[in-house]
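Order-wise, the sequence lines are chains B and Z. According to numbering that gives the first Met the number 0, the first sequence is numbered sequentially starting from 0. According to numbering that gives the first Met the number 0, the second sequence is numbered sequentially starting from 0.
Read the hints as simulated data drawn from the structure, not as lab findings. Mixed in with the good hints there might be a few duds.
[To be verified] Simulated pairs of lysine to aspartate or glutamate, EDC-like, Cα-Cα distance not exceeding 20 angstroms: (1) K376(B) <-> E91(Z); (2) K288(Z) <-> D93(B); (3) K573(B) <-> E93(Z); (4) K264(Z) <-> D93(B); (5) K267(Z) <-> D93(B).
The model shown is predicted, which means the values in this text are computed figures rather than measured ones.
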Amino acid sequence: MTSDLQSFLFGRLTWADFVHDPVMAASGGIMVVGLLGIIIGLTYFKKWKWLWKNWLTALDPKKIGIMYLIVSGIMLLRGFMDAVMVRFQQATNDSLGVLSSDHFQQIFSAHGSIMIFFVAMGVIAGLFNLIVPQQIGSRDVAFPFLNSVSFWLFVAGMIIINAPLVVGEFSNAGWLAYPPLSGLEYNPGTGVDYWIWSLQVAGIGSLLTGINFFVTILTMRAPGMNMMKMPIFVWSVLGSTALIMVVFPILTATLAMLSLDRLIDTNFFTTGGGGNPMLYINLIWAWGHPEVYILVLPAFGVFSEVVATFSKKRLFGYASMVWALMAITVLSFTVWLHHFFTMGAGADVNTFFGIMTMIIAIPTGVKVFNWIFTMYKGRVTFATPMLWFMGFVVTFTIGGLTGVMMSVPAADFQFHNSLFLVAHFHNMIIGGVLFGVFSAFSYWFPKFTGFRLNERLGRYAFWCWLIGFIVAFVPLYILGFMGAVRRLDHYDPSMGWQGLFIVAGIGVMLIGVGVVFQIVQVIVSIKQRHQNRVGNDPWDGRTLEWLTASPPAEYNFATIPTVSTRDAFWEMKKTHTLPKDTDVEAIWLPKNSANGVVIGIASLAFGLGVVWHIWWVVVISLIIAIIAIIVKLTDDHPDRQLSAKTVARMAHEYTLKENHG
Amino acid sequence: MRKDKKRPLGRGTQVVISSVIGVAIVGALAAVSYGRDIPVLNPHGTIADQQYLLIVITVALGFFVVIPVFILLFVIAWKYRAGNTKAKYEPELEGNRKLEALWWGIPCLIILILAGITYISTHALDPYKPIESDVTPVRVQVVSLEWKWLFIYPDYNVATLNFMNIPKETPINLTLTSDAPMNSFWVPALAGQVYTMTGMRTQLHIMANTVGVFHGSSANISGEGFADMTFTVHAMDETDFVQWARTAVHSPAMLTSESYAELAKPSKNVPDTTYMLMTPTLFDDIMMKYMAPSSPSSSDADTKKTDTMEHMHMDGMN
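Generate coordinates for the entire structure from the input sequences, incorporating the hints supplied.
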């Protein structure tokens, strides 16, 4: 009877699930101590109310964007620590016996899942929030509350994926958890469930973000800004969000089927019961390949803005760039099978997907040439954002070459699942996405803080990252040629691989130094903020975000600008037609809402409830989430008004500050 | 406007530092790779030879884009640096139709060539396509287990564990399946990979050019013992192979359905073993385990489910 009650109350959770091996316990401990520190700090400085009112319940996309960046930044550190452990294990070839095979497999599974879902997706969502409304001359996004829900679902997913450090275990089935390994038969524990529900919750958040920004771009552009006058970053977000809307439902459905296989013995992906794991592999990549472009398109957008600004010149071949972006968006749906040429699909099918993959290289190549020629007849300054651009072109071109090498199916048979592949996609994700985000961070940082980042520390960070990246990943290409496959926790010493693994480990340490420089850079810059104050246009920018104050008022634009050309702000400066905030009107802005937080907490409880089979928690949290949605949707007064007088006063203050700054 | 700060280092120092770093990286990589076996680039099999050639051709074609990109990137960035006020400055330059046509056109052309190569090579090197040769092929059936590789020689009534003996210059027709999580069979010196999956029959054809011992591995994560799930391929002279097969068929270890069931249970680092094959249909039996819902399976949950299903069949028949 008591055991019945216990399993009703706690599902399959027992005290034993809190016991971990020393390495994992230490990581979990650090996390718990960190959280406690934050909680104590907030309480001591009496900041809870401030945090709640100004941040957690905020619907202002700028604040949500900053929160995305903070969470993703912390997750970058977590994912990076996982990478360090992977490199350490392989460089020492398990000679110290620190990590068991199972733990090692959990670490690389967590590394991949966290880096994609909670770093890359988080930072691009952050960029969408911060930049898109500014660039299209809008005061807000189309659905401000939905935006808050997206963010809190992202946070809930993030907590679920980190929970195994404290209780239970994580998936050991790799970042895409192919069945049957991820099925009940081979993985009956909580690991795969943690993976599924973390991604499920965060994935729904991403889908909502996609819808939100797609609609925002289509409907909320400043008057006069037709599609072909949009900044190229906005185009890239349009492509990215279109992809999100089409492919994230596939992820949701696939994860739901895998979860049903595990929960109620359906047989979608089990060979024995008439299902088929190949179906899963197709579905997960039908989401997974476009996902790569969801991440990299915004990075392309960032570089397009950066290279034009720092060359003080128009972007070369704007129309070409738009067509290339759209071509990549469409083509990215037609290549998923190249992730498993080795499945035995037959020569005709492999040929088709191989050729489609190569075709993507064409618009991508065009973009590279257009970026380079944006510098042509320009005046190029090599500030940090531009350094990241230069690094990006070099690493991304190498990554493109290795990508084309793998797009030839018969050659891919020799690269598949080897460290060559691992090196290739890190080339794209680090050299493409991450460098893009770092460039964006140093480029737009002054816009949202009012002061510039320390340039020298930024340079140091860049060089450490670039050199570290080369030292860390070139050995992996060579190891791939030597026949080393990915995900090995140890290998036969007679293979002669250890030297290269050690070099790769040194590379990761260099990247680590780069990360330290970045952290120091932010701290130093905040400390020296008074010396580094800038006005609204520190880089002599081209697009509308540089028209708003730094940091922007919560309404962004007191007067919505009218756009007549591309690079609207550059044109306004040139023709001295900057809008004057003399005749402002009242502005309606959304009120703060706690419902997003409530829905996030309910989703967190829901996810953890399913993982541990605690069904009463699942039911109650679902009811709470539904109530929170209904309450919000039936609110007749979701907005508050800033009167014309207030806006005029605020705009005046900003002008004063601008003139003094 | 931002003032250009004085560079912290002189140009000469920068060149020296970057050269030192470059030399150090290249030197370190050369030192740790020198003399190592690089099977993908130094293959010993007919298929891997052709795959190597294909890789070289692809890289060469890729260089037609990569090299201009690198040259243009650095030349243009250098020439139009803000400090060089002698260079032309045309802030309103929007593009150039001819140039853009050039870099839409040239990549299109390269990809067109590569597409042709892809069509031909994908069909020529289709893993399912038998290798043309006058020599009669040897059939080997491969099963990936938790965490072992089983090789069945149906024509010789022999089976081996974690190693495969093959005659050189003879086509080997591999038929592969899995009785464990999906895996990938890879002997880089001989040929590229193919997946092994439960209830699925994949094929691969290989041929070793020389006598030698080649490293084979699992390329797909398959659980805890995955890292140890390696095997070796011994390519030998025809006569040696026949001699070996004749001896092997009298091995004391016997592979029956029962001993297979024992072998299929998860285990790591199992030593190389040679078996006398007692159940010639073993490979098909393994495939059939996954073909029908009413088949026996290893997990308890499945067994229970199977029982009820069998009852249902019987009820239906009654």
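For a quick check of understanding: which of the numbered hints are violated here, in increasing order?
2, 4
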